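For the sequence shown, the residue numbers in our numbering are 33 to 487.
In short, the hints are calculated from the structure, not lab data. This structure is a prediction, so every number in the text was calculated from the model and none was measured. All residues carry an ideal CB built from backbone N, CA and C; glycine is no exception. Be careful, since some hints might not be right.
As the list claims (entries may be wrong) - Derived DSS-like pairs (lysine-lysine); straight-line CA-CA distance at most 25 Å:
hint	residue 1	residue 2
1	Lys378	Lys66
2	Lys169	Lys184
3	Lys463	Lys479
To be verified - The following label-pair restraints were derived from C-beta to C-beta distances:
hint	residue 1	residue 2	range
4	Thr303	Pro226	20 to 28 Å
5	Thr304	Gln367	47 to 55 Å
6	Asp370	Ala318	35 to 43 Å
7	Gln134	Ala233	48 to 56 Å
8	Ser473	Thr322	32 to 40 Å
9	Ser341	Asp62	15 to 23 Å
10	Glu485	Thr303	22 to 30 Å
11	Thr304	Thr363	50 to 58 Å
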Amino acid sequence: MELESHASFSEVYEWIGHALNDYGGIIVVDARNKIQFISPLLKTYLTRTWGNDLSNDALEKFALSSGIRQVIETGMPQLGRPWHIGSQELVTFQLPAFQDKQLVGAVLLIAFKQVEAIFHHKQGFGFPQAIKNPNIKYSFDSIIGNSLAIVKAKRVAWDIATTNFPAFIFGETGTGKELFAHAIHNDSNRNKGPFITINCAGIPDSLIESELFGYEAGAFTGAKAHGKPGKFEMADGGTLFLAEISELSYNSQAKLLRFLEQREIERVGGTTVKTINVRIISACNADLRTAIKQGTFREDLYYRLNVFSVRVPPLRERLEDVAALSFHFITRFNQESDTNVTALSKEALAKLMSHDWPGNVRELKNTVQKACLHAKVGLIRPEDIQFINSELLPDDVNVYDIKERPNLKEARLEAERKVILDALEETGGNKTKACQLLNLSRTTFYKKLKELELT
33 MELESHASFS
43 EVYEWIGHAL
53 NDYGGIIVVD
63 ARNKIQFISP
73 LLKTYLTRTW
83 GNDLSNDALE
93 KFALSSGIRQ
103 VIETGMPQLG
113 RPWHIGSQEL
123 VTFQLPAFQD
133 KQLVGAVLLI
143 AFKQVEAIFH
153 HKQGFGFPQA
163 IKNPNIKYSF
173 DSIIGNSLAI
183 VKAKRVAWDI
193 ATTNFPAFIF
203 GETGTGKELF
213 AHAIHNDSNR
223 NKGPFITINC
233 AGIPDSLIES
243 ELFGYEAGAF
253 TGAKAHGKPG
263 KFEMADGGTL
273 FLAEISELSY
283 NSQAKLLRFL
293 EQREIERVGG
303 TTVKTINVRI
313 ISACNADLRT
323 AIKQGTFRED
333 LYYRLNVFSV
343 RVPPLRERLE
353 DVAALSFHFI
363 TRFNQESDTN
373 VTALSKEALA
383 KLMSHDWPGN
393 VRELKNTVQK
403 ACLHAKVGLI
413 RPEDIQFINS
423 ELLPDDVNVY
433 DIKERPNLKE
443 ARLEAERKVI
453 LDALEETGGN
463 KTKACQLLNL
473 SRTTFYKKLK
483 ELELT
């Protein structure tokens, strides 16, 4: 979407500003980020908010804080972006302005009233609503992008949210599968219940049963005096998200299948069963059909879990979202650090768009954050961008600061390190009780301590 005119730049939008005056406001910014027009209602509102501090510099900072500079730099619109001024909730529509085929500025449309109606209007086009439960970390609005690929995935996920059946999320590493799981839960009728996550690849097989189903007092040496609820009990009334389900052992798969068939659990060491009301959302980055053929994943469990499914597209299939995602990461990084980066230069955006992104959105986030650190202020230039998987790194880059995706062994060691540290903390540092709690022999326990450099 773009605005094009052959008349005077500021004159064309003055009558638009007056037309919008009863609903919201409008700011017209030229290519030099200078304000050319501001609607009367908005100026009155800002005067009342800031008083005598309403200078041209303050107005320009106000406009730029909306992200309109990115529109001027890239020529790409930003539609329906939530924004806040104090406690006032706003929705902005930021459009590039063209004159004789040349980008001459941008228009910031601001809606003060009927914000819920705007979100409802978005739903009419298949877009989900804003966060329902403030305790939920993400909603569908947290999934950034307007590409056909991501919009299609969001619509499928939104339909899934209206059911209570198990759901499966497929996607490569770094595409945002957990983000989708949160959004499905938040838009479901379970959104007031808990959302519990467990990474099946991060827990040793010997502990997975007690983690999922809990244990009773005295179930094993070192067990808590009052027992411990498992993830299923913690998720009762809500959603249990099983990440990396393909890594679940065959034995644990059978126990999960039993729950799906009976909706009952029995704690380790227990003698009674408990009915649990929980929805299961699973995710993996592997082709489970191959795992089924290889005999490492149960076919009956696959069909139980995969009642509905959504595929999260890799970033290379939605490159038109790179600009919006990058600006989101820039904004967040500025808030969390001392940087004051405003946008990507056109050349920097072109460099990002030409990359194939094997690490997907996670890699883009890492790349943009490092570019922000390098640029510090103003625009990110092509020389500020260093891809993580580049074969050659400049001498001034600290390779230890580059968090590459761990291999399977590194992931296993990290998971074991966490479990052992948690056990030591729970037993007050008593190694004898810790190895009993973990159901490990003393020899194996001390071997693990040495291997993980915890001695």
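Here is how each hint holds up against the structure:
no.	hint	verdict
1	Lys378 x Lys66	19 Å, holds
2	Lys169 x Lys184	22 Å, holds
3	Lys463 x Lys479	12 Å, holds
4	Thr303 x Pro226: 20 to 28 Å	26 Å, holds
5	Thr304 x Gln367: 47 to 55 Å	50 Å, holds
6	Asp370 x Ala318: 35 to 43 Å	40 Å, holds
7	Gln134 x Ala233: 48 to 56 Å	52 Å, holds
8	Ser473 x Thr322: 32 to 40 Å	35 Å, holds
9	Ser341 x Asp62: 15 to 23 Å	48 Å, violated
10	Glu485 x Thr303: 22 to 30 Å	41 Å, violated
11	Thr304 x Thr363: 50 to 58 Å	52 Å, holds
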